[in-house]
Every structure is written in C-alpha cells, then in structure tokens.
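S.K.: Construct the entire structure; sequences and hints are all you get.
Residues 1 to 690 (full-length UniProt numbering) are what the sequence shown spells out, left to right.
Derived from the structure by calculation, the hints contain no laboratory data. Please read these numbers as outputs of a predicted model, since none were measured by experiment. It cannot be assumed that every hint is accurate.
What follows is a set of in silico ranges between Cβ atoms, one per label pair, in the way DEER data are often shown [unchecked claim]:
| # | residue 1 | residue 2 | range |
| --- | --- | --- | --- |
| 1 | LYS215 | THR454 | 10 to 20 Å |
| 2 | CYS663 | ASN624 | 15 to 25 Å |
| 3 | THR454 | SER600 | 25 to 35 Å |
| 4 | LYS581 | LEU267 | 39 to 49 Å |
| 5 | LYS102 | LYS410 | 53 to 63 Å |
| 6 | ALA358 | LYS621 | 24 to 34 Å |
| 7 | GLU540 | LYS156 | 32 to 42 Å |
| 8 | LYS102 | SER600 | 51 to 61 Å |
| 9 | LYS498 | LYS73 | 46 to 56 Å |
| 10 | LYS431 | ALA657 | 14 to 24 Å |
| 11 | PHE638 | ASN398 | 21 to 31 Å |
| 12 | ALA657 | SER307 | 57 to 67 Å |
| 13 | LEU287 | LYS581 | 50 to 60 Å |
| 14 | LYS357 | PRO458 | 31 to 41 Å |
In silico DSSO-like pairs for lysine-lysine, Cα to Cα no more than 27 Å straight-line [stated by the list, open to error]:
| # | residue 1 | residue 2 |
| --- | --- | --- |
| 15 | LYS670 | LYS621 |
| 16 | LYS571 | LYS613 |
| 17 | LYS53 | LYS68 |
| 18 | LYS123 | LYS68 |
| 19 | LYS571 | LYS631 |
| 20 | LYS273 | LYS654 |
| 21 | LYS65 | LYS28 |
| 22 | LYS221 | LYS242 |
| 23 | LYS160 | LYS621 |
| 24 | LYS671 | LYS621 |
| 25 | LYS360 | LYS15 |
| 26 | LYS119 | LYS289 |
| 27 | LYS581 | LYS631 |
| 28 | LYS199 | LYS408 |
| 29 | LYS654 | LYS686 |
| 30 | LYS39 | LYS556 |
| 31 | LYS613 | LYS671 |
| 32 | LYS72 | LYS53 |
| 33 | LYS24 | LYS119 |
| 34 | LYS215 | LYS242 |
| 35 | LYS266 | LYS654 |
| 36 | LYS372 | LYS247 |
| 37 | LYS501 | LYS671 |
| 38 | LYS431 | LYS266 |
| 39 | LYS315 | LYS357 |
| 40 | LYS53 | LYS545 |
No residue lacks a Cβ here, since even glycine has one placed at the ideal position from N, Cα and C.
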Amino acid sequence: MSDYLVIVESPAKAKTIGKYLGKKYTVKASMGHVIDLPKSQMGVNVEDNYQPKYITIRGKGPILKELKQAAKKAKRVYLAADPDREGEAIAWHLADSLNIDKDSECRVVFNEITKDAIKESFKHPRTINNNLVDAQQARRVLDRLVGYNISPLLWKKVKKGLSAGRVQSVAVKMIIERENEITSFVPEEYWSITANMFKGSDSFEAKFQSLDGQKTKLSSKEDVDRVMNSLDGKEFQVASVKKRERKRNPVAPFITSSLQQEAARKLNFRAKKTMMLAQQLYEGVDLGKSGTVGLITYMRTDSTRISETAKNEAKEYIETHYGREYLRGAKKEDKQNSNAQDAHEAVRPTGVMRDPKAMKPYLSRDQHRLYKLIWERMVASEMAPAVMDTMAVDLENNGVMFRANGSKLKFAGFMKLYIEGSDEGKEEKDKLLPDLAEGDTTTAEKIEPAQHFTQPPPRYTEARLVRTLEELGIGRPSTYAPTLDTIQRRGYVALEDKRFKPTELGEIVLELIAEFFPEILNVEFTADMETKLDAVEEGEENWVKIIDEFYQDFEKRLKVAETEMKEVEIKDEPAGEDCEKCGHEMVYKMGRYGKFMACSNFPNCRNTKAIVKEIGVDCPKCDNGKVVERKSKKNRIFYGCDQYPECDFISWDKPIARPCPKCESLLVEKKSKKTVNVQCTGCDYKEEAN
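M.R.: Put into structure tokens, the structure is as follows:
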C-alpha cells in the first residue's frame with residue numbers, strides 16, 4: 001500500500017494528479033459529496049440552533065467504505081477537493097467520516113492541475129478552513145428551510161413536483177417582469193433622415209442632427225417635413241471637421257459569469273454545457289507524450305486576477321508572435337466586481353505556450369472551441385490597446401445640419417487576436433470618410449426620411465440573465481448554471497428562439513410566493529443574504545445568527561400561508577380535437593419540455609401527441625403529407641412530415657413553399673446570427689431572404 005492517500009472529487013482529476021505524485025501516493029475519488037442532508041426530509045433541527053442532520057448519500061456507501069479502508073492503511077491522508085466552499089465542505093465531511101483530525105494539516109488546494117502546481121501545493125498543506133465550511137453549511141441550511149417548507153405548500157395548493165428557492169425564484173421573477181414590460185410596451189414613433197453624400201467620386205452617409213442650431217427631435221412626419229422644406233438645394237458646406245485618436249482597451253480575463261456569457265454569444269453554448277466542458281479542461285486532458293495536463297485554471301471564480309508567471313508567459317508569447325509593439329504597457333488593475341472574493345485567479349490557460357492550434361489534436365471540437373476562447377481572452381488582456389482614428393464632420397444647408405461619423409483602425413493591438421462579443425451580434429467595422437476640410441462643398445444625391453418605432457426590451461437570453469444576476473449580486477459563480485437549469489426543468493420558464501419566456505405555471509407559482517413570502521423575491525434581500533454568506537466565509541459573521549434572523553420572520557409567514565393560501569386549479573386547455581384511440585377530447589398539458597397534447601381520459605387512455613404547426617409546405621418525400629413544425633425533447637424546433645412514421649422526411653431548416661428555380665428541389669431557410677438566406681437542398685442555388 002502507498003504511504004499517502006489523496007482524495008479528490010472525480011476519477012478524471014484523480015488520474016491526472018496520480019501521474020504527478022508518484023508511487024508513494026494513492027489517489028482516489030469521492031465522486032463529489034459522500035455526506036449530505038437527506039433528500040426525504042428537511043434534515044435541519046430548527047430547535048437545536050439549526051443543526052443539520054447529515055447522512056451518507058444513498059449509493060455512496062461502498063465508496064465511503066473503500067476510502068475508510070484505504071485511509072486506515074495510509075500513513076497520512078490529504079483531502080484535495082476543489083478550492084471553494086463546496087470543496088471545503090467535502091473535505092470537512094471526509095475528515096469527519098475517516099477520523100482525520102480536522103486541525104491537522106490535511107487540506108491541499110490548487111488552482112490548476114499541472115505538475116508544478118500540484119507538487120508545490122503538497123509542500124504547503126493547511127488545516128480545513130471552518131469559515132468556508134460554515135458559509136457552505138449556511139447556504140445549504142437556508143435553501144433547505146426555504147425549499148422544504150414552501151415546496152410542500154405548492155404541491156398541496158398547485159401541483160406535485162414544484163419547488164421554490166431563493167435564487168431561482170428571483171430569476172423567474174425577472175423573466176416574468178421582462179415579459180410584462182414587453183406586453184405593456186407602447187411603441188413610440190420616431191423618424192430619421194439619411195443623406196447619401198458625394199465629394200467628387202467618394203460617397204458617404206450623413207444623418208440629420210439639428211435645425212437652426214437646435215437639436216431637433218423627429219417625432220412625426222410633420223417634423224420631417226419641416227426639415228425637408230428648410231433645405232435649399234442639394235449642396236452642403238462642411239461646417240466643421242473633428243479628428244481625434246481613440247483608444248480601446250482589452251477586456252479582463254474570464255470569470256465564471258463572463259465565460260458563460262461569451263460562450264453563449266460566440267459558441268452558442270448553454271451555461272450548463274460551458275461549465276461541463278470547462279470542468280473537463282480543468283481536470284486534465286491526455287496530451288500524448290506530455291501526459292495528462294489540466295489546460296485551464298479553476299473555472300468557478302469571480303476574480304479577474306492572474307499570476308505574475310502567467311502574465312510573463314503571455315508577454316513572451318505576444319512579443320514572439322506579434323512583436324514588442326503589441327505588448328500592453330503599464331496599466332491600472334482591472335476593476336473587480338464589488339462582490340468578488342478574489343480567492344483564486346481568473347479562468348485562464350495553465351500554460352500560454354500551449355496555444356489552441358497545438359492543442360487541437362487532443363481535444364474534441366467543443367473542448368477546443370472553449371479552450372481557444374479562454375486562451376485568446378487571457379492573452380489579449382495583456383496586449384496593447386487598439387487605436388482608432390475617428391472623424392466627425394458637420395455638413396450644413398440653410399440651417400439644416402447633418403453629421404457624418406467615420407473611423408479607421410490605426411493599430412489593431414489586442415483586436416488582432418480577440419474582440420469581445422455582444423448580445424446584439426454587432427462587430428465594429430471601419431467607416432471611412434473622404435478627406436474633408438472646413439468650407440468644402442458636398443452634394444446630397446438622396447435625402448431619405450425613414451419612419452421607426454421604439455422596440456420593447458428584449459427577452460432574456462441565458463447570457464443576459466447571468467449578467468443581470470451578477471450585476472444585482474444574486475447568486476455566486478457556482479449557482480448560475482444550476483439555477484437556469486432548475487427553472488427550465490420545473491416548467492416555470494421555456495426557451496423560445498434561445499430567449500426565456502415564462503409559462504403559466506411559473507406565473508402562478510410566483511404570484512403565490514409574492515403574496516406570502518415577498519422577501520424571497522426581493523432582489524435587495526437576496527443580494528444582502530449573499531453578502532452575509534460572504535461575511536461568514538471571511539469569519540466576520542456567525543452563520544447560526546444569520547439563519548435565525550431570517551427564519552424568525554419566515555416561520556410566521558409560513559404559518560399564515562398554510563391556512564390562507566388558496567388551492568389553484570390549473571385547467572387543461574382544450575386542444576380542439578378528439579383522441580383517435582378512445583374518442584375523448586384532447587387537451588394541452590405542460591410537461592418538462594413544454595406543452596403537449598394528451599387525452600382527457602387519462603389514466604384510462606394514455607395517448608399523447610406533440611403539438612404541431614403546419615407551415616403551408618407539401619412534403620417533398622411523399623404524395624399526401626404536409627410539412628409541420630415540431631419540437632425535439634430538448635425544445636429545438638425541427639420540421640417533418642405529418643404522415644410520420646409512414647414518411648420519415650425531416651429537416652432542421654425551415655422548408656420554403658416554392659421549388660428551386662434552378663433544379664426544382666426543396667428550398668430551405670438557412671439562419672446564422674446575422675443573416676437569413678434561402679438555399680437549395682439539391683444544388684448550389686442561393687438567394688437572400690426578404
């Protein structure tokens with residue numbers, strides 16, 4: 001038997017670390033938590049200072065038995081769970097179960113799984129940090145008190161299988177409030193006037209700015225007519241030219257929330273997928289002759305700090321591959337989120353010299369895409385600012401002022417490697433203006449007014465919701481992905497075109513929580529609770545006191561809700577057709593993946609059907625079928641024949657109700673982030689969609 005036993009959470013992590021430590025060390029995995037609160041009951045003794053009742057998790061008995069046997073034979077046991085509250089709690093439970101002295105230096109932490117980092121961390125073991133354990137325990141107890149008290153009420157008053165939680169309830173509230181804003185939004189009319197200007201053979205665009213020296217709002221056709229009637233011919237004189245140099249600084253390396261947002265924008269990844277792939281990159285990838293290496297640092301962090309070693313590596317890479325002029329000079333430290341704990345570094349590559357191109361053969365497609373994103377963001381953060389030459393030109397005609405703005409990238413700087421994405425998908429492009437000087441004359445070939453209407457705020461995407469939760473101080477790095485997953489699994493919200501829309505069930509549950517437990521939905525209250533939990537982690541607050549302050553008022557509200565909350569019947573909506581199996585009426589029901597049709601004679605008849613929508617296109621594969629819109633189990637829209645299973649036609653792209661003019665095959669819509677094109681499925685014919 002080896003002299004030392006090391007316990008980590010996952011087999012992948014155990015495999016990587018085992019290769020670095022040598023034969024004297026045995027590395028085993030606990031498979032996450034082995035001890036936790038019971039699922040079948042609340043597991044918190046309110047009468048005894050909210051003491052948790054911990055048990056061995058069902059199915060983890062054999063694992064714990066194996067770890068106990070290994071611990072008895074080892075001279076020393078090291079607990080090397082992840083470097084956060086959750087990891088500290090796992091270490092604390094393991095120490096208790098394996099009879100390890102919690103005051104001994106049994107805890108080993110590392111921010112990256114590389115040979116040097118692992119060997120260095122084992123030179124500096126420490127005791128278990130009880131403050132971190134208390135912070136995790138406080139969150140666990142608090143969530144139990146909320147969830148295991150409100151959820152049974154919802155089961156009794158609404159329907160079984162519902163749940164309520166602090167962070168998830170606030171997230172659902174935000175989605176519903178945004179939907180209400182959209183529903184109640186009243187569009188306002190406004191106009192713009194664009195002139196297509198010429199200076200010699202050079203053309204450029206200018207937009208209306210002011211009339212007779214006054215900034216003029218174009219709210220109606222009358223306002224536009226007043227401007228147009230003031231124009232005297234088509235010649236404009238250049239009134240002023242302003243040129244300046246503008247610098248754009250690189251963004252900081254990733255924290256958990258910004259990684260999830262950027263992966264959603266650029267890679268179309270859901271938060272859950274991003275964290276799964278990041279976990280794989282962190283725990284280690286087999287690099288052939290180099291062995292297994294963790295490619296990124298720990299991915300649950302709210303700090304943008306990176307080590308001096310990593311900075312120096314990045315600088316060396318930049319100078320070698322781009323030149324000294326691309327190195328970032330002295331800079332102010334990137335502003336941290338006020339809630340950041342700065343316990344460890346930003347999400348970054350563990351070795352800058354392992355660039356994405358070199359790593360591609362060893363990674364899956366999605367692993368490589370995420371690694372490339374993390375690598376480029378971190379390296380770009382150490383590159384020089386981009387420099388833009390900007391030009392603003394005012395053009396005047398009889399008191400009517402138009403303005404043209406131009407810009408040109410003078411020095412790419414960090415933008416040579418990386419440009420941050422945006423929720424709107426817009427990219428900054430050069431807008432060049434001709435060489436204009438004060439007093440020059442230009443000619444307007446066209447002056448076109450255009451009517452517009454203000455748009456309601458957009459629904460939340462996953463990226464936008466994570467960003468808003470972070471800005472409000474709701475949740476922490478480890479909670480974003482599970483929160484988004486939970487509110488969808490419970491059927492409180494649905495994703496439509498990658499944007500959150502509340503369901504009827506979500507609105508009913510939220511209304512009940514708002515009536516009887518308003519503090520659960522109070523953004524300030526939830527953010528303040530997160531701050532208090534952080535204070536527990538820092539040893540500045542007592543966790544029992546925080547829980548007690550919350551529970552005293554919560555318990556009173558709970559008693560009122562138990563007697564006064566009315567039962568809510570969610571009536572099934574008629575589907576307008578009869579069941580083909582028994583003749584009873586079909587109704588719409590809400591399931592895990594959204595609405596579906598089911599027989600009203602359930603449980604005597606268990607017939608169910610997906611909701612389909614005709615799109616007015618004949619099936620290209622059979623004579624009798626019509627193409628209908630369907631939804632997959634993952635809520636993704638696809639198109640198939642309504643005669644399935646007799647006809648198996650299927651398409652992820654929306655078919656068009658006319659044949660290809662070139663070969664008469666099926667035309668489909670091809671969507672990207674920025675464009676919609678029509679393409680033929682049988683030849684190379686393409687056209688732009690209207």
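S.K.: Each hint: holds or not?
M.R.: So, going through the hints one by one against the coordinates:
1. LYS215 / THR454: 10 to 20 Å: Between LYS215 and THR454, where Cβ atoms are some 18 Å apart, the hint holds.
2. CYS663 / ASN624: 15 to 25 Å: holds, 24 Å
3. THR454 / SER600: 25 to 35 Å: violated, 44 Å
4. LYS581 / LEU267: 39 to 49 Å: Roughly 44 Å apart at Cβ, these two residues keep to the hinted range, so it holds.
5. LYS102 / LYS410: 53 to 63 Å: holds, 60 Å
6. ALA358 / LYS621: 24 to 34 Å: Violated, at about 46 Å.
7. GLU540 / LYS156: 32 to 42 Å: holds, 40 Å
8. LYS102 / SER600: 51 to 61 Å: Hint holds: Cβ distance 59 Å, inside 51 to 61 Å.
9. LYS498 / LYS73: 46 to 56 Å: holds, 53 Å
10. LYS431 / ALA657: 14 to 24 Å: violated, 39 Å
11. PHE638 / ASN398: 21 to 31 Å: The hint (21 to 31 Å, Cβ to Cβ) is violated, given that PHE638 and ASN398 are roughly 58 Å apart.
12. ALA657 / SER307: 57 to 67 Å: holds, 59 Å
13. LEU287 / LYS581: 50 to 60 Å: holds, 57 Å
14. LYS357 / PRO458: 31 to 41 Å: With a Cβ separation near 36 Å, LYS357 and PRO458 satisfy 31 to 41 Å, so the hint holds.
15. LYS670 / LYS621: Roughly 20 Å between the alpha carbons, so the hint for LYS670 and LYS621 holds.
16. LYS571 / LYS613: holds, 23 Å
17. LYS53 / LYS68: Holds, at roughly 21 Å.
18. LYS123 / LYS68: holds, 24 Å
19. LYS571 / LYS631: holds, 23 Å
20. LYS273 / LYS654: Answer holds: LYS273 to LYS654 is near 26 Å, not above 27 Å.
21. LYS65 / LYS28: Satisfied, since the Cα-Cα distance of roughly 12 Å is no more than 27 Å.
22. LYS221 / LYS242: violated, 31 Å
23. LYS160 / LYS621: violated, 43 Å
24. LYS671 / LYS621: Holds, at roughly 23 Å.
25. LYS360 / LYS15: OK: LYS360 and LYS15 at ~21 Å, within 27 Å.
26. LYS119 / LYS289: Measuring from Cα to Cα gives roughly 20 Å; hence the hint holds.
27. LYS581 / LYS631: At roughly 23 Å apart (the allowed maximum being 27 Å), LYS631 and LYS581 satisfy the hint.
28. LYS199 / LYS408: Distance ~19 Å between LYS199 and LYS408 Cα, so the pair holds.
29. LYS654 / LYS686: holds, 15 Å
30. LYS39 / LYS556: Satisfied, since the Cα-Cα distance of roughly 25 Å is no more than 27 Å.
31. LYS613 / LYS671: Holds - the C-alpha atoms of LYS671 and LYS613 are around 20 Å apart, at most 27 Å.
32. LYS72 / LYS53: holds, 26 Å
33. LYS24 / LYS119: holds, 13 Å
34. LYS215 / LYS242: holds, 19 Å
35. LYS266 / LYS654: Roughly 23 Å separates the two Cα atoms, so the pair holds.
36. LYS372 / LYS247: holds, 25 Å
37. LYS501 / LYS671: holds, 21 Å
38. LYS431 / LYS266: Answer holds: LYS431 to LYS266 is near 24 Å, not above 27 Å.
39. LYS315 / LYS357: Given that 27 Å is the threshold and the Cα spacing comes to 18 Å, the pair holds.
40. LYS53 / LYS545: OK: LYS53 and LYS545 at ~18 Å, within 27 Å.
Comparing the model with each numbered hint stated earlier shows that hints 3, 6, 10, 11, 22 and 23 do not hold.
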